[in-house]
Amino acid sequence: MAEWFQDNSGLLGLALLDGLASAGLIFLVAVGLNLVFGVLRIVNVAHGSLYAIGAYAAASVGIFFASLGLPAWASLPALFIAAALVGVVLGPLIERFILRRIYGQEEVLQLLVTFALFMILEDVQKLIWGVQPVQHDVAMRYLGTFDVPFAGDVVPFTAYQLFVLPGVALVVLVGLAWFLRRTLTGRVIVAVTTDREAATAMGIDARRVFLLTFTFGAILAALGGALSSPTGAIVPGIGPQTIVLSFAVVATAGLGQTEGAALTALMIGLGRSIAVYFEPELEVVVPYIIMLAVLLVRPQGLFGTTTTRRI
Amino acid sequence: MRRFETLLGLAAAVLMVVAAILAPWLKFVLTIALAKGIAVIGIMLLLRAGQVSFGHAVFIGLSAYAVAFLAPAVPEALVLLIAGTAVATVSGLLIGLFVSRYREIFFGMLNLALSMVIYSVLEKFYSITKGTDGIRVELPRFAGMALERADFEWAIFALALVLAIGFALFARLYLASPMGQALSAIKTRETRLEFMGVPARQVLLSAYVLSALMGGVAGALIAMTTRHVTPLLAYWTASGELVFIAILGGAGSVLGPFLGAVTFELVRIYAGAAVADAWQMILGGVLLAVILFAPGGLWGMIQGALRRRAAP
Amino acid sequence: MTDQPSLSRRGLLAGAAAAVPGAVLMQGSDANAQAQKPAELKIGITTFLSGPASVFGVPGKQAAEMMIDEINKAGGIGGVRLRAYFVDEAPGTEHLVGEFRRLVQSEGVHVMLASISSGSCLACTPLSKDLQKTTILWDCATQRIFEEGPQPFAFRSQGFATPEVLAPLLYLLKTKPDFRTMAVINQDYAWGRDSWEMWRAGMEALKPGVRVVAELFPRLGAPDYTTEITRLLAARPDVIFSGHWGGDLVTLARQAAERRLFERSLFVLPVAEASLPILGRTFPAGHIIGTRGDHWNNHPRPKDPARLKALNDAYRARFNEPVIYPVHHMVQAFNALKAAYDKALAAKGGAWPNDAELAAAFRGLTFDSPTSTITLREDGQGLEDQIVGLSTHVDSTPYAIPKDMVIFPAAMVSTPVGMKSVDWLKSLKPDILGQVPAPIAG
Chain A
1 MAEWFQDNSG LLGLALLDGL ASAGLIFLVA VGLNLVFGVL RIVNVAHGSL
51 YAIGAYAAAS VGIFFASLGL PAWASLPALF IAAALVGVVL GPLIERFILR
101 RIYGQEEVLQ LLVTFALFMI LEDVQKLIWG VQPVQHDVAM RYLGTFDVPF
151 AGDVVPFTAY QLFVLPGVAL VVLVGLAWFL RRTLTGRVIV AVTTDREAAT
201 AMGIDARRVF LLTFTFGAIL AALGGALSSP TGAIVPGIGP QTIVLSFAVV
251 ATAGLGQTEG AALTALMIGL GRSIAVYFEP ELEVVVPYII MLAVLLVRPQ
301 GLFGTTTTRR I
Chain B
1 MRRFETLLGL AAAVLMVVAA ILAPWLKFVL TIALAKGIAV IGIMLLLRAG
51 QVSFGHAVFI GLSAYAVAFL APAVPEALVL LIAGTAVATV SGLLIGLFVS
101 RYREIFFGML NLALSMVIYS VLEKFYSITK GTDGIRVELP RFAGMALERA
151 DFEWAIFALA LVLAIGFALF ARLYLASPMG QALSAIKTRE TRLEFMGVPA
201 RQVLLSAYVL SALMGGVAGA LIAMTTRHVT PLLAYWTASG ELVFIAILGG
251 AGSVLGPFLG AVTFELVRIY AGAAVADAWQ MILGGVLLAV ILFAPGGLWG
301 MIQGALRRRA AP
Chain C
1 MTDQPSLSRR GLLAGAAAAV PGAVLMQGSD ANAQAQKPAE LKIGITTFLS
51 GPASVFGVPG KQAAEMMIDE INKAGGIGGV RLRAYFVDEA PGTEHLVGEF
101 RRLVQSEGVH VMLASISSGS CLACTPLSKD LQKTTILWDC ATQRIFEEGP
151 QPFAFRSQGF ATPEVLAPLL YLLKTKPDFR TMAVINQDYA WGRDSWEMWR
201 AGMEALKPGV RVVAELFPRL GAPDYTTEIT RLLAARPDVI FSGHWGGDLV
251 TLARQAAERR LFERSLFVLP VAEASLPILG RTFPAGHIIG TRGDHWNNHP
301 RPKDPARLKA LNDAYRARFN EPVIYPVHHM VQAFNALKAA YDKALAAKGG
351 AWPNDAELAA AFRGLTFDSP TSTITLREDG QGLEDQIVGL STHVDSTPYA
401 IPKDMVIFPA AMVSTPVGMK SVDWLKSLKP DILGQVPAPI AG
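Chains as they are written, first to last, in this note's numbering: chain A, 1 to 311; chain B, 1 to 312; chain C, 1 to 442.
Next up, chain A with everything else stripped away, as it sits in the complex (with noise of 0.2 Å):
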């Protein structure tokens, strides 16, 4: 065993940046996912077509800029510019004239509504962006390369993948924990997740909480989409994809919990990438792997607390 560590050291230490890089895009993906679960109690089967419409639109958003004639950095603004568009403006629309008219309802309505959207807007995307795969990546270009020494000789990762990617899942991770720990919002949102009845019976508006922790996860869900769009083509269907994956990544971390979702979501890049170099027949099914061992031990999920059942 010790011995496979040290001939396979190099390759392991690839396999850790590899599983960085994707870790970062799996967690940004879920961790909207989680809040508006941990939030709403609604499981958004259409956050994955907000992905894709995020990754499409910030595709839109830089060849736009491009044509302004704007110098390629801003081709990396432009990918946060176009997340927050999609939310703002998807996010309110599905919440106040959709999801609003059925909280307190079956949960099996709730995911089916959810379900339609996902229905429907697979093929506002189609309309919009038509079928052939979109690219835009200047953003990754521009960047360039990091040289990784490797067995006498270097292997190039691009600095996107490398440092944006896992930067901004950093930066979204510990700027979620101060806002939900140390400002009022936050704590309202912490207040609604752990004890819904308690906080609006305490005089919480549920409503405004309810818009704009979906407004958020929305924005996080075009995020995760933006930042994939310099690295991969857009086609029609990433969304389907995407969706089930943080599926696997919010049961496994426990409801509404961000830092279990960072784990999650780091256990399963590394998991996957650790599969493709030794065992690349395992890659698809590392996640759901991971996750029947976590649920296996504890059934409420990482760090998932146990809820009191009712009586």
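Think of the hints as simulated: they come from the structure by calculation, not from any bench.
Because the structure is a prediction, the values reported are computed rather than measured.
Mixed in with the good hints, there may be bad ones.
Partial pick of chain C residues on the chain B-facing surface, computed with a CB cut under 7 Å [said to hold, decoys possible]:
#	residue
1	Asp88
2	Gly98
3	Gly119
4	Tyr189
Here are the computed lysine to aspartate or glutamate pairs in the EDC-like style, where the Cα-Cα straight-line distance is at most 16 Å [what the hints assert, rightly or not]:
#	chain 1	residue 1	chain 2	residue 2
5	C	Lys129	B	Glu148
6	C	Lys176	C	Asp404
7	C	Lys129	B	Glu138
8	C	Lys426	C	Glu204
9	C	Lys426	C	Glu197
10	C	Lys343	C	Asp368
11	C	Lys338	C	Glu40
12	C	Lys207	C	Glu197
13	C	Lys338	C	Asp368
14	B	Lys187	A	Glu107
15	C	Lys129	C	Asp379
16	B	Lys187	A	Glu106
Sample of chain C residues lacking proximity to chain B, with all beta carbon distances greater than 12 Å (derived) [to be verified]:
#	residue
17	Ala35
18	Lys174
19	Ala214
20	Glu263
21	Pro277
22	Asn312
23	Asp313
24	Lys338
25	Ala346
26	Ala351
27	Arg363
28	Val394
29	Asp423
30	Ile432
Backbone N, C-alpha and C define an ideal beta-carbon position, used for all residues, glycine too.
With chain A's structure known, arrange chains B and C on it following the hints.
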């Protein structure tokens, strides 16, 4: 109301037969709809307990693959039906032992995760499962008779109809039985159930295994109707469709799943024919409208219309 | 409560009783019945209109609309105007098979054009036999169709997986034979697995001893290849084979270009063509690229240069996109359709052919595509030439195009009738390299 339900069920069955005679392609669609309706009865049982499985298509998939693998060795439709159902039921028991410990979101997500694992396996082990290409099911015998394709399709249609009626009756009895009542209690006040000495986990587990069994029946019927199985049968969106059908039809009656399944298939076909590249949007719109304006589903609408007539 | 089950049991019996005379009433469609000249020629077309493969499906649909308008403007086929019914392949086999039946049995479609995905084709082809309806396989590539038994009503108006893999392999062995190690990165589905199995079989027969240093099968539609590319960079294979297409190829190529993988390894990409316009100058020069046929827009010696140019111009003018291979495949399908009807009409002295006569006209049919002549073999498989070349950049096109192209005659790279592809590839002898035509410079 129950009498009306029975009469309506009868009328619907006769209508289906007439439609299948008049339009051969409808017979195919109706067979699929009946099969899905059977699977959705299983979903409905779980919904009674307040649990949503977002991975139930996996039982359809497992059974369909069992049929596809066994068909060359045992080309007999009835045996294949039993074999597929058995595979799904046993898998349902194994998975159920695990997931019945969980509730609500965890229940839903675990089902989803397990279904994605099995979907990935079906897709990944190309040398065995032929991956996304899927496996073709050759025409089996039916009750020992070597039938022509058209006659075989009639046989499967009749089988699906008989099974649908059988499972609908069974579900009605089951839901009215103490087991069924206990199921509803899981949704409202589970702990009370246990105070009364009823083991909630076993109640849920038995419903889960039954639902897997119904999924298995559906899977075998679908495999022998389309005669080509692919991993897509077990994908999470297929599971979402089953829940969609359950809500569309309405959970108030065992007729709901069939109303829902037929409507779903027809809407999808006509939406696809009208606007081939935006059918998803139309289906999504229908679903949204049902949830927002008729949360009782089609059955709820029928009920409402009757009540208005009864009390002028 | 107690009386209801018996009521429904009666219903059950009634249902069963009603089903029996139905079986008697039902009559099979008869392909040999006299055919009347229809008011319009109905064509069912299955293609991807949603999901990742719609990058091919929608251009295919657009090409079909264009062809129908063109044929109708010229008076239709045998004086009958064409009308298309499109079906989305994305919802899965069970929906597709139902739609196929509906189109044939309810809409009365005369000919089906089936499918991009191999899975869809494998499901539709047996149906063509069951319903006795001529079905043109317009784009799917799986070699399994005609190798697993005769298909009386199915015809493929284009090439298939085996020549599409063998041609690039021969090109590599002919032009850059000095490689020792190689790797594969393919999408994890039928084409990805099959193409690698065939490549490997052919390579081991023609150049034994190549070491395979990595076999990667990321899932279809993977959004990112960071790890896979790191792995390939670390493994340093001389050659990387990849059957990637669509958005997946765009993602792979962009990340590979940025991380200098293209500088370290020679890529062989049999389905590169459709993604090259989107990749622009990102896709580097000097790699082996294919197009699932011979229809490069800079074909060195097209059969009908004016027609190729007209197609390119008309398609670009109408849809504001460059022509990619699925457009050509759809055009070929319509060319085949028209040629077959003309042949069948001529054989009957102008009388309208029934389904059996139409299918008979397809067997052994020869028709012209804009770039060459395609013949449908006795098993129904089309013989389409393959052109493979080396990517290069020219000032007149904003994206990579091939140079030093080799035109592989279809018969040379296609599995002979009655053989299984992998067996045939294993039996190849190095003298086949001697038959490879010389590259056409420029």
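Here is how each hint holds up against the structure:
Using the Cβ-Cβ criterion of 7 Å, the hint placing aspartate 88 (chain C) at the interface with chain B is satisfied: the shortest such distance is roughly 5 Å. The beta carbon of glycine 98 (chain C) is positioned within 7 Å of a beta carbon in chain B (closest approach about 5 Å), and the interface hint is therefore held. The criterion of a C-beta within 7 Å of any C-beta in chain B is met by glycine 119 (chain C), whose closest approach is roughly 5 Å, and the hint holds. Taken as an interface hint, tyrosine 189 (chain C) checks out: its beta carbon lies about 4 Å from the nearest beta carbon of chain B, inside 7 Å.
As the CA atoms of lysine 129 (chain C) and glutamate 148 (chain B) are separated by approximately 13 Å, the hinted pair is consistent with the 16 Å bound. The straight-line distance between the Cα atoms of lysine 176 (chain C) and aspartate 404 (chain C) is roughly 13 Å, inside the 16 Å bound, and the hint therefore holds. Annotation: proposed proximity of lysine 129 (chain C) to glutamate 138 (chain B) holds, straight-line Cα distance about 13 Å (limit 16 Å). Only pairs whose Cα atoms come within 16 Å are accepted, and lysine 426 (chain C) paired with glutamate 204 (chain C) is accepted, the gap being roughly 7 Å.
Of the supplied pair hints, the one linking lysine 426 (chain C) and glutamate 197 (chain C) holds, its CA atoms being roughly 10 Å apart against a limit of 16 Å. Taking the CA atoms of lysine 343 (chain C) and aspartate 368 (chain C), the gap is near 14 Å; set against the 16 Å cutoff, the hint holds. Note on lysine 338 (chain C) and glutamate 40 (chain C): the hinted pairing holds, with a Cα-Cα distance of about 14 Å set against a maximum of 16 Å. Distance restraint check for lysine 207 (chain C) and glutamate 197 (chain C): the Cα-Cα separation of roughly 15 Å lies within the 16 Å cut-off, and the hinted pair is therefore satisfied.
For the hint pairing lysine 338 (chain C) with aspartate 368 (chain C), the CA-to-CA distance comes to about 11 Å; that is within 16 Å, so the pair holds. The straight-line distance between the Cα atoms of lysine 187 (chain B) and glutamate 107 (chain A) is roughly 11 Å, inside the 16 Å bound, and the hint therefore holds. Distance check on the hinted pair: lysine 129 (chain C) and aspartate 379 (chain C) sit about 14 Å apart at the alpha-carbon level, within 16 Å; holds. Under the criterion of a C-alpha separation no larger than 16 Å, the hint pairing lysine 187 (chain B) with glutamate 106 (chain A) is consistent with the structure, at around 10 Å.
Every Cβ of chain B is farther than 12 Å from the Cβ of alanine 35 (chain C); the closest lies at roughly 19 Å, confirming the non-interface assignment. Every CB of chain B lies more than 12 Å from the CB of lysine 174 (chain C), the least distance being 30 Å, so the non-interface label holds. Every CB of chain B lies more than 12 Å from the CB of alanine 214 (chain C), the least distance being 17 Å, so the non-interface label holds. The claim that glutamate 263 (chain C) lies off the interface holds: its Cβ sits roughly 32 Å from the closest Cβ of chain B, which is beyond the 12 Å cut-off.
Here proline 277 (chain C) stays apart from chain B, with its beta-carbon at least about 22 Å from theirs, past the 12 Å limit. For asparagine 312 (chain C), the condition that its CB be more than 12 Å from all CB atoms of chain B holds, with the nearest at approximately 24 Å. Listed as outside the interface, aspartate 313 (chain C) is consistent with that label: its C-beta sits roughly 25 Å from the nearest C-beta of chain B, beyond the 12 Å cut-off. The claim that lysine 338 (chain C) is not at the interface with chain B holds, since no C-beta of that chain comes within 12 Å of its own (minimum 23 Å).
The beta carbon of alanine 346 (chain C) is kept farther than 12 Å from every beta carbon of chain B, the shortest such distance being approximately 33 Å. Even its closest Cβ contact with chain B, about 27 Å, leaves alanine 351 (chain C) beyond 12 Å, as expected for a residue assigned away from the interface. The claim that arginine 363 (chain C) lies off the interface holds: its Cβ sits roughly 23 Å from the closest Cβ of chain B, which is beyond the 12 Å cut-off. Every CB of chain B is more than 12 Å from the CB of valine 394 (chain C) (nearest about 35 Å), matching its label as outside the interface.
Here aspartate 423 (chain C) stays apart from chain B, with its beta-carbon at least about 16 Å from theirs, past the 12 Å limit. Interface exclusion of isoleucine 432 (chain C) from chain B stands, the closest Cβ pair being 27 Å apart, more than 12 Å.
The earlier numbered hints are all upheld by this structure, with none contradicted.
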